[in-house]
Amino acid sequence: MSDDLIVSGGGRIVVATDELLGQAGALVRLCGELDTVRRRVQLLAQRLTIVDLRTADAPLSALDAEVSCARGLALLGSAENHARLTAGALHTAIEAYGRVDLVVTEVMQQLSARLGYAVGFLSPLLVLMAVPTMTLGLGSVLLRGLLSGDGPTGGFREIGDWLSTHTSILTNPTTVALVRAAMGSSDDALGGVLHLPSSLVSQLGDEGVGLTGLGTTAAIAVLLARGAGMLRESSVVIHKTTSAITTPPRSLAERAARVPVAGAGSTGEQIRIDRYPRPGQPDAFEVYIAGTVDFGPVAGEEPWDLTSNITGIAGMPPGSVEAVRAAMADAGVTAATPVLLTGYSQGGLVASLLVASGDYTVDGVVTLGAPAGLVEIPPDIPVLTVRHTDDLVPALGGYDVNPQALVVERQLFADGDIPEGVVFPAHQIGFYTDTAALIDDARSPQLRDALDGLTAFVADATEAETSVYLARRTVDGDASALVSAGDR
Amino acid sequence: MMGWESGVHQQSAEQEQLRSALIRQRSELGAIVYQLEREQRLVPPVDDVQWQGPARGAYEMLVDRLRDTLAASVQALRAAERSSDTAIATLADRVR
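In the order they appear, the protein sequences are chains A and B.
Count along the first sequence from 1, then add 323; that gives the number in this note's numbering.
Count along the second sequence from 1, then add 1453; that gives the number in this note's numbering.
Hints are supplied without guarantee of correctness; some may be wrong.
What the hints assert, rightly or not - Now the stretches of chain A that chain B is said to cover, found in silico as 3 or more residues with beta-carbon under 8 angstroms:
hint : stretch
1    : 377–386
2    : 394–407
3    : 411–422
4    : 428–440
Said to hold, decoys possible - Far from chain B, some chain A residues (derived; all Cβ distances over 12 angstroms):
hint : residue
5    : 346
6    : 363
7    : 389
8    : 391
9    : 496
10   : 501
11   : 521
12   : 538
13   : 637
14   : 739
15   : 778
Said to hold, decoys possible - Facing chain A, from chain B, some residues (calculated, C-beta under 7 angstroms):
hint : residue
16   : 1474
17   : 1481
18   : 1483
19   : 1493
20   : 1495
21   : 1497
22   : 1514
23   : 1516
24   : 1519
25   : 1533
I should point out that these hints are in silico values taken from the structure, not numbers from a laboratory.
The structure presented is a predicted model; accordingly, all values stated were derived computationally and were not measured.
Using N, Cα and C, we set each Cβ at its ideal position, and we do this for glycine too.
Isolated chain A (complex conformation) (with noise of 0.2 angstroms):
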């Protein structure tokens, strides 16, 4: 399992290991620990000259000693010019690299788009020449279920297994670049489709003014999915089921272990929220969202969500950001309060939701596994995206649209030891916790100035009132049992 983190964003055009640009910052400083300790020496050499040492008629050994001195200083200037210069190397060459890599995703991002154009275009065409193979693909997964006595079901359930078991296909960067091209390039294969002309769809989507996007599709499968009774939005209710108190986190893996792990094997709670009280200021609050449970098309009481999911990246309210609404207001989150958000997979794409919609004092957002690129957070809230370069999931949510954001990313599998009987392994909240703990021993200053916001977040604190909440879809009116926050 690989160590190294990526760093890019922020702000700057700097793509780089941690380690490269812990190594920068390190120079940069020790060129100003250099002139300092140069201007000591020059002091003290023009405290004893050679001359005065002669007058006063002084052992040799003394002026021995201003010798050594006056080439110690010598070596010092030499040192520092050193140290400017390597850094400076060592910052164009990183600079450099993000330039290329900035050209790089441009280019790609303009030829996927161009082949997203022409594979929509050409799309019933190519429907026609797939029907054959699709029929008989279909054909036999369906056989191999009925023959093997599991039903006509059986044959996708194999799939199932057989993709959890050949893990490296779905866990691999390649797969992961090619699957946020696919999506970041959905809004020109829907031009195509349409057949509108290719310059106006271009100018429309990202790569112009980003009327459209990946929005846009999700949008449409939306409204096209509604019809055929799947991923129909419904109103939540919250209900608190823990109130504690407990301590501020203190580092970002903390904070990665206190998102609720709400799928099987837990209570199914979704929303932690831990209150600051701070006297004579109004009380700080952290939020923490849980990651997607359900993934079936057709919404059942679970708000976590494919609903949910394909929702928020339409654009449109998802159940899931209603519910962590409801939970803030009756934590007592207001406009005026300060908030922190944390979320993994979905409860990532959610609090960047809830962040863009402007109705809350922000002062941070950590996104975990999440499919949130192109919600565009305002450019004064600092932004930190963690993610896997061989997890598929964040590549869903198309490419980075906030150029603050800093992005961390880890090649999780990069020794190809991938663990098997998990479909996406990279996608694993454990292993978000482990990177998160390598992200708070970064050398690097971008990455440290980002965790040293967090701290101050927390800095006055010294405890926490925490509430956890379960939310719950009301199907067909139904709020099944549970007590909505309002009503209590």
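Chain A is fixed; fit chain B onto it per the hints.
Showing chain B alone in chain A's frame:
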């Protein structure tokens, strides 16, 4: 006779003054060397860099040169410290 005596006294005072200045210099040099030795740790270890090609070679060369120059300046200042020590001892003998 009085003039000779006062001349000896004046010389002795000057030597004592010089000795005090050298003691201060030695102490200051000790502090500077300590600080420099600590700062040598800021020079990055090139082995840790996950980076290949000519740019790495150039960076490695610059870092090596920096490390060598810094080590040489520490050595020069240590030599100044040692020479100051010797001068202080010589002056102490003269004053006695």
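Legend entry - Hints breached by this structure: 4, 5, 6, 7, 8, 18, 19 and 22
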